[in-house]
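Colleague: Sequence:
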Amino acid sequence: MTTKVPAESSPAALNPTALPHPSTGPIATVGAFSSKDEIGKLEPVWKRLQKHPYADWEFFDLATRVRRGSAPCVIELRRAGEVHSMWVGRIESSSLRLRAGPRQIFSLPIRQLTVVTGGRMGDDSEETCRAMLQRAVRVVAEKRLDCLFIGYVQCQEPLFRLAARDFPSWYCRDWAITASKHWALKLPESFDSFLKGRSKKHRYWLKRLPRVLEETFPQRVKIEAFRDPQGFDIFYRDARTVFETSYQRRIGGAFGADDSEMAKSKLSAERGAFRGYILYIDGCPCSYWLTTVYHDVLHLNQTGYDPRFRKFELGTILLMRVLADHCGTPVREADFGPGEEGYKERFGDYSFSEASVRIYRPCARTVFANALMGLNAKLSGGGELLLAKLGLFQRVKRILHQGLSG
1 MTTKVPAESS PAALNPTALP HPSTGPIATV GAFSSKDEIG KLEPVWKRLQ KHPYADWEFF
61 DLATRVRRGS APCVIELRRA GEVHSMWVGR IESSSLRLRA GPRQIFSLPI RQLTVVTGGR
121 MGDDSEETCR AMLQRAVRVV AEKRLDCLFI GYVQCQEPLF RLAARDFPSW YCRDWAITAS
181 KHWALKLPES FDSFLKGRSK KHRYWLKRLP RVLEETFPQR VKIEAFRDPQ GFDIFYRDAR
241 TVFETSYQRR IGGAFGADDS EMAKSKLSAE RGAFRGYILY IDGCPCSYWL TTVYHDVLHL
301 NQTGYDPRFR KFELGTILLM RVLADHCGTP VREADFGPGE EGYKERFGDY SFSEASVRIY
361 RPCARTVFAN ALMGLNAKLS GGGELLLAKL GLFQRVKRIL HQGLSG
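With this note's numbering applied, the sequence shown corresponds to residues 1 to 406, in that order.
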């Protein structure tokens, strides 16, 4: 059991705090840093540990600089003077969103410490996670934030059990946790091998889609791939045109409106990691895929299509081009990202459960907000469970999707 961290002399201080460690190892020191100079000293170890584009040293610095009201906050654990674990985060404005199905019905502004996706690097043992949680929650208290937010924690990790149940008091515990599947695909050596791995029926369907499209629009269909900075602006202009007609926009999604996302994508293009795809019919953009290659993983970030062409499944046609371009390359895996859209399960070959978790600061406002979010999650989950038992969930989901797209 980790001993409680003693309070520091200054409530606003972010200085390291020593934690007792079992007799088998050295003393562990946990610190939280927010100044540019302090974080700058972490650059070598940060670059050694980084594995996800959102936690990349340059990406993180760029996103923090362009986001208004955002400040970096990095928590590290050292043993014998060496960094063993690092959590990369930001103190920023966010919102708690209540939804009825896909529609947002209410939004409550909050300030939180966000541990970015992929920002938990290094040792992730239970003891280390407990120490890091202690320090992160202290930052929330010292800065009088509303909560700590940790995005997309795998449900089998020690951190999930600690953050969701064991570590916080019951009234600070997140009552609105909803787990979902995260799908990925191991890319084979060739696209033919990928197709051979599908069932005969699935393979026929995938080959039929582009044939039907071409027969309907003979010599009027074109797919463009954008990878360099010169093509970046063209991709974003045309993808934005498609997005304005899409289902994602109608449920409150964003494309190109977030300066940090735009800046990170442009940096990816400059580094040769950006992959943008547009499908055109008669010269008009009708579907897009925004993807990024980081290390040896293809991150499938965002997609959309013009609902007028729904029956042609343009997103699937375009996805096949994306996968074909990366089979047989140093890219070993396609990461479909969080969420349970049907295409992810159709094309992914393995998955894991994950959920985002909040730990709230104990005060009347946050306890009320937590209760409200928990009630909303229970009602939504109950409705979905009932529809699933009646065998209507996918049908209702499809009807809502089509209604918002039309």
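Treat the hints loosely; a few may be bogus.
[As the list claims (entries may be wrong)] List of simulated lysine-lysine pairs, BS3-like, C-alpha gap at most 30 angstroms: (1) 222 <-> 344; (2) 200 <-> 186; (3) 201 <-> 41; (4) 196 <-> 36; (5) 200 <-> 222; (6) 344 <-> 201; (7) 266 <-> 378; (8) 181 <-> 201; (9) 200 <-> 378; (10) 196 <-> 222; (11) 51 <-> 181; (12) 186 <-> 222; (13) 222 <-> 201; (14) 181 <-> 378; (15) 186 <-> 36; (16) 47 <-> 266; (17) 181 <-> 143; (18) 200 <-> 311; (19) 41 <-> 207; (20) 196 <-> 186; (21) 41 <-> 186; (22) 51 <-> 266; (23) 344 <-> 41; (24) 207 <-> 186; (25) 196 <-> 207; (26) 41 <-> 51; (27) 196 <-> 378; (28) 378 <-> 311; (29) 181 <-> 222; (30) 181 <-> 200; (31) 311 <-> 207; (32) 36 <-> 181; (33) 36 <-> 51; (34) 207 <-> 344; (35) 36 <-> 47; (36) 51 <-> 186; (37) 181 <-> 196.
Hints listed in this document are in silico derivations from the structure and should not be mistaken for laboratory results.
Colleague: For each hint given before, does the structure comply? Return the numbers of the non-compliant ones in rising order.
Modeller: Numbers 3, 4, 7, 9, 15, 17, 19, 21, 23, 27, 28, 29, 32 - these are the hints that the structure violates, sorted from lowest upward.
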